[in-house]
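Peer 1: The lines below spell out each chain.
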Amino acid sequence: MSSDVQLDRVTKRFGDVTAVSAVSLEVQPGEVLALLGPSGCGKTTTLRMIAGFETPNEGAVRIRGHVVNDVATYRRNLGMVFQHYALFPHMSVFDNVAFGLRMRRLPRDQTRERVREAMALVRLAGLETRRPSELSGGQQQRVALARAIVTRPAVLLLDEPLGALDRKLREQMQIELRALQRTLAITTIFVTHDQEEALTLADRIAVMEAGEIVQIGTPTEIYERPRSRFVSDFIGVSNFLPGKVVERDGDAVTVQVAGLRLRAAGGDGVQPGDPVEVAVRPEKVRLGTAPSSDANCVAGRVENVVYLGAVTYYYVRVTEDVRLVAMEQNQTPRPAHAVGETVHAAWEAASALPLRVAAQR
Amino acid sequence: MRAAVRGRARLLALLGLPAALLGLLFVYPLAHMAALSVRTVFPGAFQYTGAHYAKFVSDAYFLRVTQTSFALALTVTVLTAAVGYPVAYYFVRSRSRHKHWIFLGVISPLLVSIVVRTIGWTIVLGNEGLVNNALRMLGIVREPLALMNSFWSVTVGLVHVLLPFMILSIASVLGKIDTALEESAAILGAGPLRTFWRVTLPLSIQGVAAGSILVFCLTIGAYITPWWLGRGKVLLFSTTIYDQILAIVDWPFGSAAAMILVAATLAIILLYFALIGRVARR
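Each protein sequence line maps, in turn, to chains A and B.
Just so we're aligned: 320 in my numbering is position 320 of the first sequence, and the numbers increase by one with no gaps anywhere.
Just so we're aligned: 50 in my numbering is position 50 of the second sequence, and the numbers increase by one with no gaps anywhere.
Isolated chain B (complex conformation) (with noise of 0.2 Å):
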C-alpha cells in the first residue's frame, strides 16, 4: 500500500511537468480548435456543422495544396535519408580524430539563423546567383532559370536545416551494431553490396524509420522556411492554415483543415510504422 503510494508519487514527480507542459500547451488548444472546426461561426452562436470539413475535401484549390505538402515531405524524407545515411555511416565508422568537426558540420545548419540560411540560398539559387551565372557563363542557358520560388527551392532549403535529424536519428541506431556481424557476413561470402543490404540496413532501418518521421512532421508543420523561399508561389497545408486563420480570419474553416492536416499525419506515420516492421523483420 505504502510502496504503491510511493510508487505513484515517483511517477508524477518524472512525468508531472511534461504531463502538465503538454496538457497546458498542446492538448488543451488541440482540444480547443477540435471543437471549433465544427462551429459554424467563432466568435458567434454555438451552432455545429461539418460543412468546413466538406468545404476542404471539396475545394480543388485545398486539394492541391494537401496534394504539394505531403509531395514536398515525401520528397525531402526520401533526399534526407538518401544523403544522411552516407554522412551518418561516415560519422559512425570513422576512426579519425576529428570526428568532433564532422559532428559540427553535421549540425552547423542548425547552428545559422533562418534569415543568414534564406539569404544563402537565395545567393545561390537567385536569378543572378551562383547557379545562374555559371549556367549562363558555361552558354546552357541565356535566360535565368526560376530556380527561386519553387517547389525545389523550398525542398533544398528543407533538407538543408532538417538532414541533421536524419543524420543523428541513423548513426545513432547505425552506432550499435557491433561490426563483427558485417565481418561474419563477409566471412560468409556477403560482399560489400550484400552486407549492407542484408545486414547493416534491416539493422538500421529503425533509426532510418526514427529519421523519417521526425523529418516528415517537421516538413508537413514547416512554415517559415516555404514561406521565405517560396515566395507565396509553393503553397502548403502550413501557410494555407495560416492565411485562413490570421489573415481571411475564418477561425473555424482554419481549424478544420489542422485537424485534417493532423489525422492525415497520423495515419501515414501509422502507416509507416507498419511498413517499417515488416522490413525489419525481413
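Bound conformation, chain A alone (with noise of 0.2 Å):
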C-alpha cells in the first residue's frame, strides 16, 4: 500500500468507445513505469486520468494512497511535461518556472531561490529573462521539464516528452532525463510509443493495446520473454515461425515447423498439439558456413543482405514457406555473406519463445 500511483480497474469510455479498458497498475516510489503502445492503444488517456483531465467511468486511481477521482487537477501535486511542452508563450523562462510555486503562493526569495536551482539542475542557468519562443526545441524540453520539477510534485508524468527532437538530441536527453530522475527520485510515469525510450529510461514497462495493458514488466522480461505477438512484434524485431508443439518435457518444448523440428524453451504452458508461432529474434540467429552442435540448425540460402553500418540483417530462405532474418554484428570490413550463398543458422533452444496463437477474435 506504499505505491506513489495505484490504478485499481480503471476504465474510461468516449461515447461508444472504449478508450481504456480495466487498467490496474502500481507504481513504485522513485519508480519510472513506461506506458508503451501504438497510438489509439489507450496510453495517453491513461496518464489523462492519472493528471486528472478526464475523470474514469468506473474504477479507482490512487495517488500516495488517496483517491482522487474527484480531486481537481490542481490540487493533486503533479508534475508533467506536455509533448509540445505547453510552455507559457507570454511569460518568460523564469516567469513559466515560477508559476507553480506562486501558485503556492511560496515567498519571494524562495522561488528565486528554487527556480535557480531548477534551472542549474536542466543546465539552462542564465536564460531565465527569454521567452519561450526564443529558445531551441531541446532548450524548451528544458524549460519544461524544470517548471515540472521545481514544485516537487508527488508524481512526474510525461506525455511522449522526446517526440519533437530530432534523433540526436533526443537520445543525449534520454540519458540526461535518465540521469535527472536518479538525482531526484521522482516517481515518474511516461507515455511513448517508442520502443528504445522505454526500454532507456523505465524501471518496468507496460505494454498497452487496444486500451488493455498486455503485459507489464522489466525492459529485460519484456524484450526477451513477451507473452504475445504483438508485444514481441512492437518491442524490437522478431521471426514468427508458425507450427504446432509435438511434445513437452518441463521447460523444452519442441515445435513441427514445416518440416522441422525446433526447440524452444518457455511459453505460457503450451501443451501439444497448441498451435504455436516460435519467436526469434534476429541477434539471437548466428550464421556459419559449416553445421553447428545448436539445439535448432537449420540450412538455407541468403535472399538478402541489408548492410546497416555496425549490424547486417541477412534475409536466409529455409524452406519454401520458412523464413529467417538474422542480425550479426559488422566485425570485418564487408558483410560475412553474400546473396545465394548456403548458410546454416544457429540458435540455442533458450531464445526460441513458443508463443500460443491467439484466438481468432
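Derived from the structure by calculation, the hints contain no laboratory data.
What you are looking at is a predicted structure, and each value in this text was computed from that prediction instead of being measured.
Using N, Cα and C, we set each Cβ at its ideal position, and we do this for glycine too.
Heads up, a few of these hints could be off.
Which chain B residues face chain A? A few, computed with CB under 7 Å, are given here [stated by the list, open to error]: (1) Glu183; (2) Ser184; (3) Ile187; (4) Ala190; (5) Gly191.
The following residues of chain A were derived to be distant from chain B, with all beta-carbon distances above 10 Å [stated by the list, open to error]: (6) Thr11; (7) Glu31; (8) His84; (9) Arg112; (10) Arg123; (11) Val214; (12) Arg227; (13) Gly259; (14) Asp294; (15) Ala336.
Using the hints, put the two chains back together into the complex; each one sits in its own frame.
Peer 2: And the structure:
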C-alpha cells in the first residue's frame, strides 16, 4: 500500500468507444514506468486520468493512497511535461518555471532560489529572461522539465516528452532525463510509442493494446519473454515461425514447423497439439558456413543482405514457407555472407519462445 | 532590376484595386471635408478660419453630445466584451456536434434588418411592451417605465447588433490557444479562476482588443440604430453631424465636427493599443 500511483480497474469510455478498459497498475516511489503502445492504444488517456484531465467511468485512481477520482487537477500536486511543452508564450522563462511556486504562494526569495536550482539542474542557468519562443526545441524541453520538477511534485508525468526532438538530441536527452530522475528519485510515469525510449528510461514497461495492458514488466522481461506476438513484435524485431507443439518436457518444448523440428523453451504452458508461433530475435540467430551443434540448426540460402553500418541483416530462406532474419555485428570490413550463399542458421533453445497463437477475435 | 519591376507589378495587382477604392471613397472625401472645415462659408468665397472648431469646443451642447457619444461607445464596448467573451469561449471549446447552430445564433443579429430588429425592441421595451406589462402585472410599477427613447434602449440595440463582431474577434484568437496551456496551468496548481486570469485572458486579450476597436468605432459611427431607438432623445455625434450638414446645411461646421470625431476616435484607439500592449506583456 506504499505505492505512489495505483490504478484499480480503471475504465474510460468516450461515447461508444472504450479507450481504456479495466487497467490496473502500481508505481512504487522513485520508480519510472513507461506506458508503451501504438497510437490509439489508450496510453495517453491513462496518463490524462492520472493527471485529472479525464475522469474514469469506472475504477479508482489513487495517488499516495488517496482516491483522487474527484480531486481536481490543480489539487493533485503533480508535475507534467507536455508533448509540445506547453510553455506559456506570454511569460519569460523565469516566470514559466516560477508559475507553480507562485500558485503555491511561496515567498519571493524562496521562489527565486528554487527556480535558480531547477534551472541549474537542467543546465539552463542564464536564460531566465528569455521568452520561450527565443529558445531551441531542446532548450524548451528543459524549461518544461524545470517547470515540472520545481514544485517537487508527488509524481512526474511525461507525455511523449522527447517526441518533438530530432534523433541525436533525443538520445542525449534520454540519458540526461534518466540521470535527472535518479538524482531526484521522483516517481515518473511516461507515455511513449518509441520502444527504445521505453527501454532506455523505464524501470518497468506496461505495453498497451486496444485499451488494455497486455504485459507489464522490466525491460528485459518484456524484450526476452514477451507474452504475445503483439508485444514481441512491438518491442524490437522478431522472426515468427508458425507450427504445432509436438512434445513438452518440463520447460523444453519441441515444435514442428513445416518440415523442421525446432527446440524452444518456456511458453505460457503450451501443450502438445497447440498451434504456436516460435519467436526468435534476429540477433540470437548465428550464421555459419558449416552445421553447428546448437539445439536448432537449419540450412538455407541468403536471399537478401541489408547493410546498416554497425550491423547487417541477412534474409535467409530455409524452406518454401519458412524465412528467417538474422542480424550480425559487422566485425569485418564487408558483410560475412553474400546473396545466394548457402548458410547454416543456428540458435539456442532458450532463445526461442513458443507463443500461443491468439484465438481469432 | 527585372525582379524589382515584377515585384512592384505584383504589389500593384494585389493592392491596386483596394487602394483605388479607399482613395476614391475615403481619403478624397475626408481630405475634402478637412478643407471644408476651415472655410468660413460653403458654398461661397474662399476664406479660411478656425472658428468652427472653436465654436464646437466652447459650446455646452456639443460638449454634451461628445460626452454622450463616447459614454455610449464605451458602455457598448464593455457590455459586448462582457457578454461576448463567455459565448466565444463556449463556441471555441464546445465539442458539440451542433456547433454550426451556435455560430448561426451568434451571427443572427446581422441576418435581420435594422427595421425588424428595432420593432422587436419596441415590442419588448415599449410602454405597452413585454417588460412594462410584466412589471405592472407583478405590481412592481404602476406607470410604465420609459424604457424606449433613452440612452439604455440605444445601448441595448447596439449591443445586440454588434455582439457578433466581438464574439467572432475573440473566438478567432481564443481558438488558437492550445488547451495544453490551460492544462499545464492546472497541473502547476492554478484553479480555474487563476488559470483564466493568468493564462487564458492574457493570451486572448488581442482578440478582445480587436473586437473592442471594431465595436467602439461602429458605435461612434452608428447612426440608424440610435436614431430609431433614441427618437431624438439621445443626441449623438453622428446625429449632430447629420443635422448640421443636411438639416441646417452648415457644411463647414458639420465638417469640423466630423474632423473632431475622427481625431478623437483615433486618439482613443492609439491609447487603447498602448494599454493592451502592456496587459499582453504582463
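Peer 1: For each hint, tell me whether it holds in the structure or not.
Peer 2: Quick rundown of the hints versus the structure:
With its C-beta approaching chain A no nearer than about 6 Å, B/Glu183 sits inside the 7 Å limit, and its interface hint holds. The interface hint given for B/Ser184 holds, since its Cβ lies 4 Å from the closest Cβ of chain A, which is under the 7 Å cut-off. With its C-beta approaching chain A no nearer than about 5 Å, B/Ile187 sits inside the 7 Å limit, and its interface hint holds. For B/Ala190, the suggested interface contact is upheld, since its CB lies about 5 Å from the closest CB of chain A, less than 7 Å.
Because the beta carbon of B/Gly191 sits about 5 Å from the nearest beta carbon in chain A, less than 7 Å, this interface hint is met. With a least beta-carbon separation of about 20 Å from chain B, A/Thr11 lies farther than 10 Å from that chain, consistent with its non-interface assignment. A cut-off of 10 Å between C-beta atoms confirms that A/Glu31 is not in contact with chain B; the least separation is 20 Å. The Cβ of A/His84 sits about 7 Å from the closest Cβ of chain B, inside the 10 Å cut-off, so the non-interface label is violated.
The Cβ of A/Arg112 lies farther than 10 Å from every Cβ of chain B, with a closest approach of about 17 Å, so its non-interface assignment holds. The beta carbon of A/Arg123 is kept farther than 10 Å from every beta carbon of chain B, the shortest such distance being approximately 22 Å. Every CB of chain B is more than 10 Å from the CB of A/Val214 (nearest about 28 Å), matching its label as outside the interface. Interface exclusion of A/Arg227 from chain B stands, the closest Cβ pair being 34 Å apart, more than 10 Å.
With a minimum CB-CB distance of about 57 Å to chain B, A/Gly259 clears the 10 Å threshold, and the non-interface call stands. Chain B leaves A/Asp294 outside its interface by the beta-carbon criterion, the shortest separation being 53 Å against a cut-off of 10 Å. At roughly 50 Å, the least C-beta separation between A/Ala336 and chain B is larger than 10 Å, which holds for a residue marked as non-interface.
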